[in-house]
Amino acid sequence: MTETCPGPVPPGKPRLKTPPGACDSHVHVIGPYDRFPLNENRGYTAPESTFEDYQRLMESLGLERAVIVHASAYGTMLGVTEDAVMRLGDQGRGVAVVDPDISDSELDRLHEIGFRGLRFTTLLRGGTGIENVPHMADRIKRLGWHVQIFVHGGTELESILPMLAALPVDAVIDHIGHFKLSEGVDHPAFRALVEHVRGGRCWVKLSGQYRISETGAPFTDVPPMAEALLEARPDRMVWATDWPHVMLWDRPMPSDADILDWIGSWGVDDATIRRVLADNPAELYGFG
1 MTETCPGPVP
11 PGKPRLKTPP
21 GACDSHVHVI
31 GPYDRFPLNE
41 NRGYTAPEST
51 FEDYQRLMES
61 LGLERAVIVH
71 ASAYGTMLGV
81 TEDAVMRLGD
91 QGRGVAVVDP
101 DISDSELDRL
111 HEIGFRGLRF
121 TTLLRGGTGI
131 ENVPHMADRI
141 KRLGWHVQIF
151 VHGGTELESI
161 LPMLAALPVD
171 AVIDHIGHFK
181 LSEGVDHPAF
191 RALVEHVRGG
201 RCWVKLSGQY
211 RISETGAPFT
221 DVPPMAEALL
231 EARPDRMVWA
241 TDWPHVMLWD
251 RPMPSDADIL
261 DWIGSWGVDD
271 ATIRRVLADN
281 PAELYGFG
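For the sequence shown, position 9 (counting from the first letter as 1) is numbered 9 according to my numbering, and the numbering increases by one without interruption.
To be clear, the hints were calculated from the coordinates, so they are not data collected in a lab.
Just so it is clear, the structure is predicted and the values come from calculations on it, not from any experiment.
From the three backbone atoms N, C-alpha and C, an ideal C-beta is built for every residue, glycine too.
Heads up, a few of these hints could be off.
[Said to hold, decoys possible] Here are the in silico distance ranges between beta carbons for each label pair: (1) G129 with G199: 16 to 26 Å; (2) E156 with R201: 40 to 50 Å; (3) R198 with T155: 16 to 26 Å; (4) S103 with S265: 39 to 49 Å; (5) P10 with E156: 29 to 39 Å; (6) P37 with G129: 23 to 33 Å; (7) G184 with D104: 34 to 44 Å; (8) P37 with R198: 36 to 46 Å.
Let the sequences and hints guide you as you build the complete structure.
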């Protein structure tokens, strides 16, 4: 029996005005369950957070593009994510979770739909393990895809950086590396991530700040991490809501307007904001 996590709250209206082509680079679509039932072997149960729900969020926040990351609660059953990516059309991309023995023809089919990466994790039941990264990176190189990594920050992330550096494809690190706030910018593992990012083959999602903030919205205790990464490689940062904020049991559900407005606390100019919200995801995900 899995625990049911709370659902998202109405976002409200953000203060930040988004640039043309603004992209949410990490969102999950869940349900409707009569069409897309969850995997039995899952780590959580979430309320339905459908494509139509997310469309309303995009309109509220002023977003034009989105990257649908397959939710681990579906295992490798990609139907719900395929459906969302196809409905977004040219304004959508997908990141898949697949079995390592997936055929090349199936990868080609996913590419045609709009998928551009594979996600690997040590944290989620139903995910594909990190041990599969090198083999799968070799297989997706021909497609121009990337690997997306979700692990614990600190020593676990630091331990896999040499492996990521040797890959023939780019790596994308979820949620600011998933560091604890107490580890901070001076933690050796965070400094190692910053140096790895400087090398140019690594991207970081400036997202999930609400999961580590000790003060809550407007998340003023988290910007130092974002600022350190932006200083290293502003051209390798993307932003995301992480909607619908699954597995958030230990703190209040955030407003997505606050998550967008957090960008205003970074201390960067409008050109950098445009780069993170629009230009960088256009390059990473191949938006036209």
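Each hint, compared with the structure:
1. G129 with G199: 16 to 26 Å: Given about 24 Å between the Cβ atoms, the range holds.
2. E156 with R201: 40 to 50 Å: Violated: the Cβ-Cβ distance is about 20 Å, outside 40 to 50 Å.
3. R198 with T155: 16 to 26 Å: With a Cβ separation near 20 Å, R198 and T155 satisfy 16 to 26 Å, so the hint holds.
4. S103 with S265: 39 to 49 Å: With Cβ atoms ~46 Å apart, the hint holds.
5. P10 with E156: 29 to 39 Å: With a Cβ separation near 35 Å, P10 and E156 satisfy 29 to 39 Å, so the hint holds.
6. P37 with G129: 23 to 33 Å: holds, 24 Å
7. G184 with D104: 34 to 44 Å: Taking Cβ atoms as reference, G184 and D104 lie about 43 Å apart, which means the hint holds.
8. P37 with R198: 36 to 46 Å: holds, 44 Å
The earlier numbered hint that this structure contradicts is number 2, and it is the only one.
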